[in-house]
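K.L.:
Sequence:
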Amino acid sequence: MINKNDKIVLTCHVRPDGDAMGSVLGLYHLLKAIGKKEVNVVIPDSAPHTLDFLPAMKDVAVNSKYDSYCARLVNEAGLIIMCDFNAYYRQDKLGCVTQAASCDKVLIDHHLGPDIDANVIFSDPSMSSTCELVFRIIASCGYFGLVNKEAATCLLTGIITDTQNFTVNCNNPEIYEILMRLIEKGADKNYIINEAVKSVSYNALRLRCFALANKLQIFERNRCALITLSQDELSQYNYQRGDTEGLVNEPLNIPGVVYSVFMREDPNCIKVSMRSKFDFPVNLICQDHFNGGGHLMASGGEFLGSLEECRNIMLECMKDYDRYIPSGLPRLVIKS
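No gaps in the numbering here: position 88 of the sequence shown is 87 in numbering that gives the first Met the number 0, and each next residue is one more.
Simulated from the structure, these hints should not be mistaken for laboratory data.
Fair warning: this is a prediction, and the values are worked out from it, not measured in the lab.
Some hints could be false.
As the list claims (entries may be wrong) - Below, computed lysine to aspartate or glutamate pairings styled on DMTMM-like, alpha-carbon distance capped at 20 Å:
1. 334 x 249
2. 3 x 75
3. 188 x 51
4. 318 x 244
5. 64 x 103
6. 270 x 315
7. 276 x 307
8. 197 x 187
9. 184 x 219
10. 35 x 66
11. 6 x 91
12. 31 x 91
13. 270 x 91
14. 92 x 265
15. 318 x 219
16. 3 x 103
17. 35 x 91
18. 214 x 173
19. 35 x 51
20. 270 x 219
21. 270 x 301
22. 36 x 103
23. 148 x 58
24. 92 x 123
25. 270 x 287
26. 270 x 308
27. 6 x 51
28. 31 x 44
29. 276 x 265
30. 148 x 183
As the list claims (entries may be wrong) - Simulated restraints on C-beta separations:
31. 140 x 307: 31 to 39 Å
32. 239 x 68: 18 to 26 Å
33. 213 x 67: 18 to 26 Å
Just so it is clear, CB atoms sit at the ideal spot from N, CA and C, and this is done for glycine as well.
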């Protein structure tokens, strides 16, 4: 399909993260190395500024800014490769355009339950990230020799961000061989971590401190941590997309906390993110109550309603998942 098509579009999900941008840009650089001249990356909306360092990020077409141009690129494509999403609605307004396109389509994703019509579907929830799956496909197609520094940097970015710098979803030893191969291709692991993980703006740092100092609640019986941020609270710190990235992980550093929930009031919905330890299935909570899902210990969803309603649902359902808390953990006691 790659060989027979000259006009190729690469696309990902709304609010793209490191894995989404890393997978489409990694393939972008590979296709350019193969000799494809008309390759375009089309994304639903802007990526966070922490990913500005990725090679060719300036060449990405953003549908929320240039919808007519993006629609033309998609409609004229001979092949669309869709990365890191399992349903068209995960592309917001761009999803209708992608779905309506009559060209060949390929899906590459690591989320559960793909619901997309495509000629070829690579769906493997056991992968640490879509970037890992992309790397394996590249190698299996015989293109590994064409992976350059730019492609390696993009792919390693997705793996690092989705594994939280190799702390979750990384029990398969082969992921470390992939890390080694990408470093051999020129990817700088320390540089990627500094830019994509550690880098934070002044306002984002203040927002994070406010959230942890004033909005963090610990529910000792349920082993759960909860942070909520309203639109007004976000505005106080001039919130920009990506400013709360990684915030949901912070409470997991408290001994005895098994899972962490972060709720952010966005303009059209409440964005819910969950992370856990000890194989606690936060994906079930997201599936059952927040129109979402994901990995066992890293999931998310959305709630159409008020932040207070969303929070109350979480408080009410906590007890239903206490049975998944592993036995033998030390007692969790929070002293104010």
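K.L.:
For the pair supplied as a hint, residue 184 and residue 219, is the alpha-carbon distance within the 20 Å limit?
P.N.:
violated, 47 Å
K.L.:
Residue 270 and residue 315: Cα distance at most 20 Å?
P.N.:
Given that 20 Å is the threshold and the Cα spacing comes to 18 Å, the pair holds.
K.L.:
Given the hinted pair residue 31 and residue 91, is their alpha-carbon gap at most 20 Å?
P.N.:
Not satisfied, since the Cα-Cα distance of roughly 28 Å exceeds 20 Å.
K.L.:
Is the Cα-Cα distance between residue 148 and residue 183 20 Å or less?
P.N.:
This hinted pair holds, its Cα atoms lying about 9 Å apart.
K.L.:
Check the hint pairing residue 35 with residue 66 against an upper bound of 20 Å on the C-alpha distance.
P.N.:
violated, 24 Å
K.L.:
Sort out whether residue 91 lies within 20 Å of residue 35, counting only the CA atoms.
P.N.:
violated, 28 Å
K.L.:
Next pair to validate is residue 148 with residue 58; report whether the Cα-Cα distance is within 20 Å.
P.N.:
holds, 17 Å
K.L.:
The hint says 31 to 39 Å between residue 140 and residue 307; measuring C-beta to C-beta, is that right?
P.N.:
At 50 Å between Cβs, range violated.
K.L.:
Is the straight-line distance between the alpha-carbon of residue 270 and that of residue 219 20 Å or less?
P.N.:
violated, 24 Å
K.L.:
Is it true that the CA of residue 276 sits at most 20 Å from the CA of residue 307?
P.N.:
Since the Cα atoms of residue 276 and residue 307 sit roughly 26 Å apart, the hinted pair is violated (cutoff 20 Å).
K.L.:
Does residue 123 lie within 20 Å of residue 92 when you go C-alpha to C-alpha?
P.N.:
Violated. Residue 92 to residue 123 sits at ~26 Å, over the 20 Å cutoff.
K.L.:
Taking 20 Å as the top limit, are the C-alpha atoms of residue 3 and residue 75 close enough?
P.N.:
holds, 15 Å
Violation of the numbered hints given earlier is confined to hints 4, 5, 7, 9, 10, 11, 12, 17, 18, 19, 20, 24, 27, 28, 29, 31, 33; the remaining hints are satisfied by the structure.
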